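Asks: The task is simple: from the sequences and hints, build the whole structure.
So the sequence lines, in the order shown, correspond to chains A and B. Going by my numbering, 367 is the number at position 367 of the first sequence; the sequence numbering is gapless. Going by my numbering, 56 is the number at position 56 of the second sequence; the sequence numbering is gapless.
Calculated from the structure, these hints are not laboratory results. Here the structure is a predicted model, which means the values were calculated and not measured. Ideal Cβ placement from N, Cα and C applies to all residues, glycine included. A portion of the hints provided could be inaccurate.
[To be verified] Partner residues aside, some chain A positions facing chain B, computed with beta carbon under 10 angstroms:
#, residue
1, V62
2, P219
3, M224
4, I275
5, T277
6, Q328
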Amino acid sequence: MRRFSFFSAMLFILIAISTKVAFADEAVAIDTGDNAWMLVSCALVLLMTPGLAFFYGGMSSVKNLLNMLMMSLMCMAVMSIQWVFWGYSIAFGPDIGHFFGSLSMAGLHGVTPESMSGTIPEYTFIMFQMTFAIITPALISGAAEGRMKFSTWLIFIPVWGTFVYDPVCHWVWGEGGWALGMDILDFAGGTVVHINSAAAALAVCIMLGKRKSSNINPPCNLPMVMLGTGLLWFGWFGFNAGSALSAGSSASFAFLITNVSAATACLTWVICEWIGTGKPTLLGACSGAVAGLVVITPAAGFVGPIGSIQMGIMGGIGCYFGATKLKQAFGYDDALDVVGVHGVGGTIGAFAVGLYSTELAGAENGFFIGWDGAGISLLGRQCVGFLAAWAYAFGVTMIILLILKAIMGLRTTEEQETSGLDISQHKEISYHLELEASGNLKH
Amino acid sequence: MKRIEAIIRDEKLTAVKEALKDVGVGGMTISEVRGHGTQKGVTEVYRGRSYSVDLLPKIKVELVVDDKDQDTATKAITEAARTGSIGDGKIFISPVDEIIRIRTGEKGSSAV
Chain A
1 MRRFSFFSAM LFILIAISTK VAFADEAVAI DTGDNAWMLV SCALVLLMTP GLAFFYGGMS
61 SVKNLLNMLM MSLMCMAVMS IQWVFWGYSI AFGPDIGHFF GSLSMAGLHG VTPESMSGTI
121 PEYTFIMFQM TFAIITPALI SGAAEGRMKF STWLIFIPVW GTFVYDPVCH WVWGEGGWAL
181 GMDILDFAGG TVVHINSAAA ALAVCIMLGK RKSSNINPPC NLPMVMLGTG LLWFGWFGFN
241 AGSALSAGSS ASFAFLITNV SAATACLTWV ICEWIGTGKP TLLGACSGAV AGLVVITPAA
301 GFVGPIGSIQ MGIMGGIGCY FGATKLKQAF GYDDALDVVG VHGVGGTIGA FAVGLYSTEL
361 AGAENGFFIG WDGAGISLLG RQCVGFLAAW AYAFGVTMII LLILKAIMGL RTTEEQETSG
421 LDISQHKEIS YHLELEASGN LKH
Chain B
1 MKRIEAIIRD EKLTAVKEAL KDVGVGGMTI SEVRGHGTQK GVTEVYRGRS YSVDLLPKIK
61 VELVVDDKDQ DTATKAITEA ARTGSIGDGK IFISPVDEII RIRTGEKGSS AV
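Replies: Here you go:
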């Protein structure tokens, strides 16, 4: 009898477990609507990197234009492979010390067609996160315009991705990450993408040194900057609304908020420079739109429409001063203002989440919404988050650059810079006018 | 025979072309050039950084005319290209020793 009850108890447990498993399977059944939107989002975010290439390329000297485009394109090539080999595992693998994931999922080990991430297949989630891992190092390239050895850049991308991007991504979004555990809010990557890349960009321009003044030219192609801005704005809907990881109202909310903030900051920047330098410029409008997109990234799913307009104004004003005054004041040569736009905008965004996030969007109330201690606590946690990211990304990037400098050198020679990186690094140039192209074809 | 070389504002090219056609001077060669004279250039501001652009784009019109047509042609160019502001350009006139039409081998005035 005793024996029978033991077996029946075992049986009961087994049935209970199997029911639970069955129930769990049912709970994570694929939602094809969610998956369809997330697949589209993957493609939208991936398109941001060539968009960024045009945005940066149009601002660079014509003799460095191809090099600028190439730096972004190579991030697509290199990070896609890095992400599969070990990047995804470090960012989203089983937690080690709340700091990074283990390598147990290297090569996407253990991921099957049945693996789910919420209501979407894990494959979709891997691809979506891959596009973020691609654009983040590409953002850094703006600081390096016209003076970084291409070979060094190619090595820098996966090393930086491994030691800076992947761990910070794990802190904020990975299961067990310390920032996630502290309930630090970062909807779509204000800290992971923008502060991370800007802190690295600061290290890059300090380590590379300044460009020779004769190599600092006005933007070579402003229509190209506009093209890039359009692609970025378009792709950012995937970036922010896709970060809802579903096709529900949170995605719709983030989509709307993203557009409103971009529009507000675009207008704000133009007004700032109209007052400051006397003329409204296309470059200013493009810079403002991107600033508005950066500032709303950590907040897209958390703040209301009016909050997003206020954040757009803060982002427009903050990044205007970041891009036009900050580097002159401190004397570093951040060629295309990665720190001024992504660093300042990302930090304002991360901070302002603590001011404007609202229960309406399913988040806790920020200080300006709740006016209570909980808001102050959130604000404090947000500050911890962005300060940690600034310090870690800057420090580790400096170490990586010091090692690369010792092994292969960072900077091109003065001669190469004067003739331009297009011809010296790639032996090609952007435009061949008919007359110049009349050379004889050699096989 | 005289060679007339006129540096003009690029937006004045159409007006100059029309004016020369009206006075019956056919044939010209134009090129896009960069330069500056009294007009010292302009300042452009990008993200708060000022760049001085001192070599401005201009159009160079070159034509060769008979001595008798020199005044008509220069008058037409001057009137068509003038705005009255700094940067209107200059006209240089120099003698031409010989002209040869490549197709027929004609020389001198008949080759103009």
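Asks: For every hint, state whether the structure bears it out.
Replies: Evaluation of the provided hints:
Here the hint on A/V62 is broken, as its CB sits about 14 angstroms from the closest CB of chain B, past 10 angstroms. Using the Cβ-Cβ criterion of 10 angstroms, the hint placing A/P219 at the interface with chain B is satisfied: the shortest such distance is roughly 6 angstroms. Using the Cβ-Cβ criterion of 10 angstroms, the hint placing A/M224 at the interface with chain B is not satisfied: the shortest such distance is roughly 14 angstroms. Taken as an interface hint, A/I275 does not check out: its beta carbon lies about 13 angstroms from the nearest beta carbon of chain B, beyond 10 angstroms.
The closest approach between the C-beta of A/T277 and any C-beta of chain B is roughly 5 angstroms, which is under the 10 angstroms cut-off, so the hint is satisfied. Because the closest C-beta pair between A/Q328 and chain B is about 8 angstroms apart, less than 10 angstroms, the hint holds.
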